[in-house]
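Student: In case you want the letters, here they are:
Protein chains: 4
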Amino acid sequence: MLIIMKKEATEEELQALISKIHQTGAAEGFVSRGQFHTVIGVVGDPEKVAELPLLAMPGVERVQRVSRPFKMVSAEGHERASTVPVDGVSLGPDSFTIIAGPCAVENEEQTLESARAAKKAGAHMLRGGAYKPRTSPYSFQGLAEEGLRILATARQETGLPIVTEVLDSRDVEKVAEVADMLQIGTRNMQNFSLLKEVGLTGKPIMLKRGMNSTIEEWLMAAEHIARHGNLRIVLCERGIRTFETATRNTLDISAIPVVREESHLPVIVDPSHAAGRKSLIVPLARAAVAVGADGVMVDVHPTPETALTDGPQALVPEELYALTREIKELAVRMGRTV
Amino acid sequence: MLIIMKKEATEEELQALISKIHQTGAAEGFVSRGQFHTVIGVVGDPEKVAELPLLAMPGVERVQRVSRPFKMVSAEGHERASTVPVDGVSLGPDSFTIIAGPCAVENEEQTLESARAAKKAGAHMLRGGAYKPRTSPYSFQGLAEEGLRILATARQETGLPIVTEVLDSRDVEKVAEVADMLQIGTRNMQNFSLLKEVGLTGKPIMLKRGMNSTIEEWLMAAEHIARHGNLRIVLCERGIRTFETATRNTLDISAIPVVREESHLPVIVDPSHAAGRKSLIVPLARAAVAVGADGVMVDVHPTPETALTDGPQALVPEELYALTREIKELAVRMGRTV
Amino acid sequence: MLIIMKKEATEEELQALISKIHQTGAAEGFVSRGQFHTVIGVVGDPEKVAELPLLAMPGVERVQRVSRPFKMVSAEGHERASTVPVDGVSLGPDSFTIIAGPCAVENEEQTLESARAAKKAGAHMLRGGAYKPRTSPYSFQGLAEEGLRILATARQETGLPIVTEVLDSRDVEKVAEVADMLQIGTRNMQNFSLLKEVGLTGKPIMLKRGMNSTIEEWLMAAEHIARHGNLRIVLCERGIRTFETATRNTLDISAIPVVREESHLPVIVDPSHAAGRKSLIVPLARAAVAVGADGVMVDVHPTPETALTDGPQALVPEELYALTREIKELAVRMGRTV
Amino acid sequence: MLIIMKKEATEEELQALISKIHQTGAAEGFVSRGQFHTVIGVVGDPEKVAELPLLAMPGVERVQRVSRPFKMVSAEGHERASTVPVDGVSLGPDSFTIIAGPCAVENEEQTLESARAAKKAGAHMLRGGAYKPRTSPYSFQGLAEEGLRILATARQETGLPIVTEVLDSRDVEKVAEVADMLQIGTRNMQNFSLLKEVGLTGKPIMLKRGMNSTIEEWLMAAEHIARHGNLRIVLCERGIRTFETATRNTLDISAIPVVREESHLPVIVDPSHAAGRKSLIVPLARAAVAVGADGVMVDVHPTPETALTDGPQALVPEELYALTREIKELAVRMGRTV
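Chains as they are written, first to last, in my numbering: chain R, 119 to 456; chain A, 119 to 456; chain G, 119 to 456; chain C, 119 to 456.
No lab work stands behind these hints: they were computed from the structure. Please note that the accuracy of each hint is not assured.
Note that the list lumps identical chains together, so a pair holds whenever it fits in one copy or between two copies.
[As the list claims (entries may be wrong)] Keeping only pairs whose Cα atoms sit at most 30 angstroms apart, straight-line, the calculated DSSO-like set for lysine-lysine is:
| hint | residue 1 | residue 2 |
| --- | --- | --- |
| 1 | K396 | K124 |
| 2 | K396 | K189 |
| 3 | K446 | K237 |
| 4 | K125 | K138 |
| 5 | K166 | K124 |
| 6 | K446 | K321 |
| 7 | K396 | K138 |
| 8 | K138 | K166 |
| 9 | K238 | K396 |
| 10 | K166 | K314 |
| 11 | K125 | K189 |
| 12 | K237 | K321 |
| 13 | K292 | K237 |
| 14 | K321 | K189 |
| 15 | K189 | K166 |
| 16 | K124 | K138 |
| 17 | K446 | K396 |
| 18 | K238 | K292 |
| 19 | K292 | K314 |
| 20 | K166 | K396 |
| 21 | K125 | K396 |
| 22 | K314 | K189 |
| 23 | K125 | K166 |
| 24 | K238 | K321 |
Quick caveat, the model's predicted, so the values are computed rather than measured.
Kindly produce the complete structure, drawing on both the sequences and the hints.
Tutor: Structure follows, in structure tokens:
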């Protein structure tokens, strides 16, 4: 932590700050006097220091954090990325995991057909939403418990582990009974009650990046989960909100290598929600493999033209077969097992 | 709704679309054939039509919505903006409401001192958070129920109605017992479970804009609350996330007149969280009055240098007195009662 | 300047850095060793140090600048904001200046009618573009020299000083013959050749903020002009590009007080180009006065429905009269002369 | 073009609009009356219609464009992407082109060493800036004509074609004498005078995307060049400005397949300027190949720690050799010749 003093800061203000830092009992402040500014370097327990309202103290112009704020999810101390096992599937640096399924569980037939397509395509897991967060209260909100029942049937038939979103702390237990992996959606990335609740389950968690969140905030959201004893977290980049309207969101492909430098958690890419339309999914999935992601998650639907949510971005089964064939081949060339 | 067909769309694809629209039993499609594109104008119940996955149908290039998606919160049919009464305070177009208080309830003394300062300054309501959403799991998370108890004491002493944030559906009942107005924070604007739950209370709601949300999404979030029978909603603009880092967020001052055109709901401004530092609060509060907002909400703290959250943006009591004096005067000149 | 070393940085790397800094002959480095990181505080001539490619040196993790990079336009050493005189009009902290006119000079009649409206409304200066930067090469590109001639006529008739945009270094001399103030448009804010050229004229310059530029970059663009001997610069905030599409751009109203803190240059607001539509101009102009801007610039057109550029945002003369009356009154109440 | 009328629009306003459209002599308007809105579909010459200030006419609520605004650079009518030959190098869909070199030409030795490294690495072209646009007027601004002379020497020695930036219309001729390809930088993407001037040279142009520009604006900038008779244009994606600060800019990888759908022009990726730091360049270059880009442009410098610009993002020669080896192999697997 570095404290940059105002030019007009007095010696008393400087000394008051240093006392304040020493009073934490966990840090020391070292003063460097420059031509224009005096700077205090703070050395010690960054958490204790972070709690001090330094910016509000007289004489302080700016405070610069030096250490990263996350700890349990940090790459530090991890020579390699972690692997998160999900019922026989290993999400991590050695493998490349393909997750496919419908955006929403609409009915048994549509879900089973999608699940069979995922299975036939060689996908490793099935996705599908029983609870759907929708901008409009007048849109389809998901089948809820009936949707969970259908997902259980799909798992029984295909053997594919299930990842499905949970929206409400009160539903976590119910969803966790059926799901092999709980998904936190982009709109709930900073729903801290929900993060705590899924942290307490100990189940594998897929944490989608908030569409407006920095990578640091994303890792801090993971830290919220980790803090409740659960480090079985897989990050999922799904596009951020920018001024560009040619795509639904802007896939931040650089986030993959940045996360790799900062955290030991596996990270996958959802090209379907980033792009919002089918024609971009194949090139973006290829890019995801090449940039070093640990997997992709794509939408598939037997009849996208009848889909209740996100039809334009769903692949039909044949397209999914072609996609998985191609990206598995590319992943093998990148040194991964599929 | 307008459907723009691809240049290469066939007559069969066109007819299939028109049949699909007619099958809703609630809409009709009219065809205009242009030099390059054929366009279908869809007339009828927009909700039924919106449910059709038109973009995923063969031959469709783009779909343009013509009507606004919100209904209960729409300005249509409202000659004037609504007024939301909160325990004797009227938030609406005739008055200008000042809400002040600490960002977080830290202890009884700090809260009561802030409440007295708010009262003395002539503020109309007291703000203060008992539950705090924090990016870091290692930061102060609020006093929870103890915080609610302190807020109840502050109300009893000062008579000021209380607005306080609720983060979790499970806490809504508990918070509603103490609060006169429930606040939905920026990170929960699209927490639809929570919106439903506060909608069901029938209590006045302050809905802060998501820092990454468009005005339309914000009004749709209000529609989620309204749909559960509660139209006592006050919107609060608090800055959006942009590339500019000179301020914590970018206050979208234009959002006030835009909301005024689109919705009948009152709308206020929170300059403290937008700016993130004290020196900008006075000019931004003035701008809020001048642009036509129905109120402002500002942070006050007896000793910002000890604040556990957001100290740099808190006014001290004397600064609050000066601010309220000035903006009340300006509000009166704008034709409002204070 | 602060240099944060990597955890694994060696003592040799540290010493190499310190030597490098000392070799500039203009700075010294002070070392603070922390629990996790070692930090070098650099004291001395910031420009010389800024030229060092510190980030590319072994062992360096991050470099934090402490001083602001601008000098001639900095608020430092200026007790009050500057005033820029433009042919009898004073742009600065004591007055409030209204600039009105058509977006583009389309023909003599339209320009003269707009100029008369501006005059009658009590505006202090006339705006109007002879050279127009247009996204499409197929749109109207301005009347060029014929436009300058028309502007000269308008000045002769109304006596209003003229501000008009220059797009190309080769046109600066020609435009400067007619214009009382040269405008640098949002798309040219970082056209450094053009900034140099207008700097050399010594004429008053209106520097519009780049729609994607930070406030710091904007002030650095002003510094480019100032460096060539011209400090007669007025800044103009005109909206930045964000994810919000309800307005053409997002007016960054906070930029006014931020500029006030950082620079001595006057700063005005262009609500027309920020909003992109007429109904928002009155509230935004009011907000501009209230927040402390030194003026506003608005579009007016005798018949907006025939305008060749930006018709939807142009006021008709009657609307301009009402606007200037109202904002002059507000400006007087804010302690300014009009 | 679709015109959506206000609900309260009168029949007279509707008829006035239709007359106005017919008066162009090049278009017709077809009326569809809906439950809430009346819509006019405009069929005919889109340019003539685009010139009408429809939004400013009474009764008009919104105008929706249906056709794309670009023509010469449009994918329409092009079964495959174009190839742009640059002195023996073919930039297009069959090959994969690697451009390497220093960000800035600093002196003869540094440039020649970089050029030799590029040659040895198997790069196809040499980049290097003689004119540098710099945020600060106090930073190194490039060697100008001396830089051009050094580039000519580097070409003579290595035989690599040169791409170099031109900043000012007045320098175009001079730069074109030395350069095989003229680069328009991100800050000048909408410097329309400069676009015209480089269009007139007939030389191959590399058009970098404005860091704040939509893909449509980028293609329109290309249309400006094309309109002056020059279709030898290669687009270069180099990152856009977003709220994320973990990278210098956010590489918009989706822009590559979007451009491929909309335009016949080749498109390459500059991972160095997008990422701003070395460690991300290899993964991003791989992603560029996989997503379907036609080439990459990377910074190389013999001693990045002495670089006058952008040292942190420059590869050293050995890193460049490894990179080109890897991405050439990947490009071959994607079916391209290298």
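Student: Just pull the numbers of the violated hints for me, sorted ascending.
Tutor: none
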